[in-house]
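The primary structure of each chain is shown beneath.
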Amino acid sequence: MCSTCGCGNTDKITIRKVGEDSGDELNFGMLLPRESDHEHGHHHSHAHTHKHHHGHEEHNHGKTVVELEREILHENNLMAERVRGYLQAKSIFALNWMSSPGSGKTSLLERTLKDLNDRFRFYVIEGDQQTMQDAQRIDALHIPVVQVNTGKACHLDSEMVYRAIQKLDPDFESILMIENVGNLVCPAGFDLGEDERVVVISVTEGEDKPLKYPDMFETAGVCLINKIDLLPYVPFDVENMKTYARRIKPDMLFFEVSALTGEGMDQWYAWLASRFENKKKK
Amino acid sequence: MHELSIVMGIIKSTEKVMAERPGIKVTAIGLEIGTMAGIEKDALDFAWRRAIRGTILSEAERRIEWIKAQAKCLECNTIFDIEHQFDACPVCGSYFKDIFTGKQLRIKYLEVEKADEVKS
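Protein chains in written order, with our numbering: chain A, 1 to 282; chain B, 1 to 120.
Pulled out of the complex, with its shape left as it was, chain A reads as follows:
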C-alpha cells in the first residue's frame, strides 16, 4: 500500500466464482490526487460505446457556458439502467439485500434458497470487502453464486453487478439475489438495477434504526424483521419499530421472521412468488 496517498494496488475489486483463484478485476474508478513528487498510474477503463449528450453552448463575453445538467452519480445510474434492461429482457426478478452487518442477511438468504430451490431458479451475487465465506455458504446449497470482493469499497455499485451478472449468465425467468455489503449507510445511494430493495433489521438492534438511517429505509420496499425467536429476551418493540419506519416509508411492507426457526417465512415466500410472477408478465 502506498503510504503517501493510501491507495493499494493489491486492493483491487475482484469478482470470482467459488473455486476460482483469480477472477475478473476492476479498479475502483478513481483518479487519485497527484502530489508533485509522487505519482501512481491509476487508470480506469470502461468499455463504454454509448455517446454522451453534451448539452448546448452559449457564448458570452469570451466565455462559453456549457450546460451540462449531469447527475454526479451519472455513471453508476447509466450502468444500472443497462442492468435493468438486461434483467427485464430475460424476465429476471432481482432483489438488492441491505442491512447492517450481522442482522442475518446471509442466513435468511440461505433459508429462502433452501426452501424454494425446487420452485424457482436462483442466482446469487455476494458482496463483501474480503473473503469468499458468504459465497461458499451459498455454493454449498448448489446454487450458482459469484462473490464480489470490494476491497476498500463499502458498497456494491452497478458496474460490479454488471460484471458479476456476466459471469453468472442467469437463465430466463429466474430470481437474482444481490446481497450487498453489510452497511446501513452507503449502499442506499447506489442503484444496482434491481427490482426491489429488501432491508433486514434484527430484533437485537435498536428499534429506532429507521430514524437513524433514513436513506436505507426510504429506498427499500420490504423490511424483514429477523431473529424474532429472540423477542422474549430483548427490549425490541416491533410496533414501535414499524411506526418509526413508516415515518420514512409510509407504505413499507414488513415480514417478521426467524431464519433460525423458520417462523414467518411463508408470508415472505408468498410475496416473493407473487412479485416474480408479476415480473414474468411484464
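Because the hints were derived from the structure by calculation, they are not lab data. Backbone N, C-alpha and C define an ideal beta-carbon position, used for all residues, glycine too. Be aware that a few hints might be false.
[Unchecked claim] Over the 10 Å line for every Cβ pair with chain B, so calculated as not near, a few chain A residues:
(1) Val18
(2) Gly19
(3) Thr64
(4) His74
(5) Ala140
(6) Pro210
(7) Glu218
(8) Tyr244
(9) Glu256
(10) Glu263
(11) Ala273
[What the hints assert, rightly or not] With a straight-line Cα cutoff of 25 Å, these simulated BS3-like cross-link-like pairs (lysine-lysine) come out:
(12) B:Lys68 to A:Lys212
(13) A:Lys167 to A:Lys152
(14) A:Lys17 to A:Lys90
(15) B:Lys16 to A:Lys63
(16) B:Lys103 to A:Lys212
(17) A:Lys212 to A:Lys242
(18) A:Lys212 to B:Lys72
(19) A:Lys12 to A:Lys152
(20) B:Lys25 to B:Lys68
(21) A:Lys167 to A:Lys17
(22) B:Lys16 to B:Lys108
(23) A:Lys90 to A:Lys212
(24) A:Lys152 to A:Lys90
(25) A:Lys242 to A:Lys90
(26) B:Lys12 to A:Lys242
(27) B:Lys12 to B:Lys108
(28) A:Lys212 to B:Lys25
(29) B:Lys68 to A:Lys63
(30) B:Lys16 to A:Lys12
(31) A:Lys279 to A:Lys114
(32) A:Lys63 to B:Lys108
(33) B:Lys114 to B:Lys16
(34) B:Lys68 to B:Lys114
(35) B:Lys12 to B:Lys25
(36) B:Lys114 to A:Lys152
(37) B:Lys103 to B:Lys72
(38) B:Lys72 to B:Lys12
(39) B:Lys41 to B:Lys114
(40) B:Lys25 to B:Lys114
Starting from the known structure of chain A, fit chain B onto it as the hints suggest.
Chain B alone, transformed into the frame defined by chain A:
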C-alpha cells in the same frame, strides 16, 4: 457521504466533457446540490481543495446552488420546508409526503474560455 468520491466523479465528468474541447480552460463550474442530498458542506470543501490539485478544475471557480429541500403533504397538499426524512407535515401531522426537491446532486454547467489562441 463519500464527498471525496463525489468530487472525483465531478472531475472525471468534467474531463470527459472537455476531452472534446482540447486547449480550452475551465474557469468555473456550477453545481446544484440539495440540502438533503447527503452532502456535508465542510467535508465537500475539504475534499474539493485537495482533489482538484493538478486537474482540469484546479483553477475553476466553484459555484454551488444549494437547493432547499421541500415536501408536499399527500394528505392535505401543504408544501413545506423539510430537514429530515422523518419530519411530519406541520399542518396536519401526516407522514405521507413526497420530497419533491432537495436531493439533487448535479453539475449544472461549466464556464470555459480558450487557454490560448487556437489556430483553425
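Now for the hints, and whether the structure bears them out:
no., hint, verdict
1, Val18, "holds, 30 Å"
2, Gly19, "holds, 33 Å"
3, Thr64, "violated, 5 Å"
4, His74, "violated, 7 Å"
5, Ala140, "holds, 34 Å"
6, Pro210, "violated, 8 Å"
7, Glu218, "violated, 6 Å"
8, Tyr244, "violated, 7 Å"
9, Glu256, "holds, 21 Å"
10, Glu263, "holds, 29 Å"
11, Ala273, "holds, 29 Å"
12, B:Lys68 to A:Lys212, "holds, 21 Å"
13, A:Lys167 to A:Lys152, "holds, 22 Å"
14, A:Lys17 to A:Lys90, "holds, 22 Å"
15, B:Lys16 to A:Lys63, "holds, 19 Å"
16, B:Lys103 to A:Lys212, "holds, 18 Å"
17, A:Lys212 to A:Lys242, "holds, 14 Å"
18, A:Lys212 to B:Lys72, "holds, 22 Å"
19, A:Lys12 to A:Lys152, "holds, 8 Å"
20, B:Lys25 to B:Lys68, "violated, 31 Å"
21, A:Lys167 to A:Lys17, "holds, 8 Å"
22, B:Lys16 to B:Lys108, "holds, 15 Å"
23, A:Lys90 to A:Lys212, "violated, 37 Å"
24, A:Lys152 to A:Lys90, "violated, 32 Å"
25, A:Lys242 to A:Lys90, "violated, 35 Å"
26, B:Lys12 to A:Lys242, "violated, 41 Å"
27, B:Lys12 to B:Lys108, "holds, 15 Å"
28, A:Lys212 to B:Lys25, "violated, 43 Å"
29, B:Lys68 to A:Lys63, "violated, 29 Å"
30, B:Lys16 to A:Lys12, "holds, 24 Å"
31, A:Lys279 to A:Lys114, "holds, 22 Å"
32, A:Lys63 to B:Lys108, "holds, 16 Å"
33, B:Lys114 to B:Lys16, "holds, 17 Å"
34, B:Lys68 to B:Lys114, "violated, 35 Å"
35, B:Lys12 to B:Lys25, "holds, 15 Å"
36, B:Lys114 to A:Lys152, "violated, 39 Å"
37, B:Lys103 to B:Lys72, "holds, 14 Å"
38, B:Lys72 to B:Lys12, "violated, 35 Å"
39, B:Lys41 to B:Lys114, "violated, 31 Å"
40, B:Lys25 to B:Lys114, "holds, 6 Å"
Taken one by one, the earlier hints fail for this structure at numbers 3, 4, 6, 7, 8, 20, 23, 24, 25, 26, 28, 29, 34, 36, 38 and 39, listed in ascending order.
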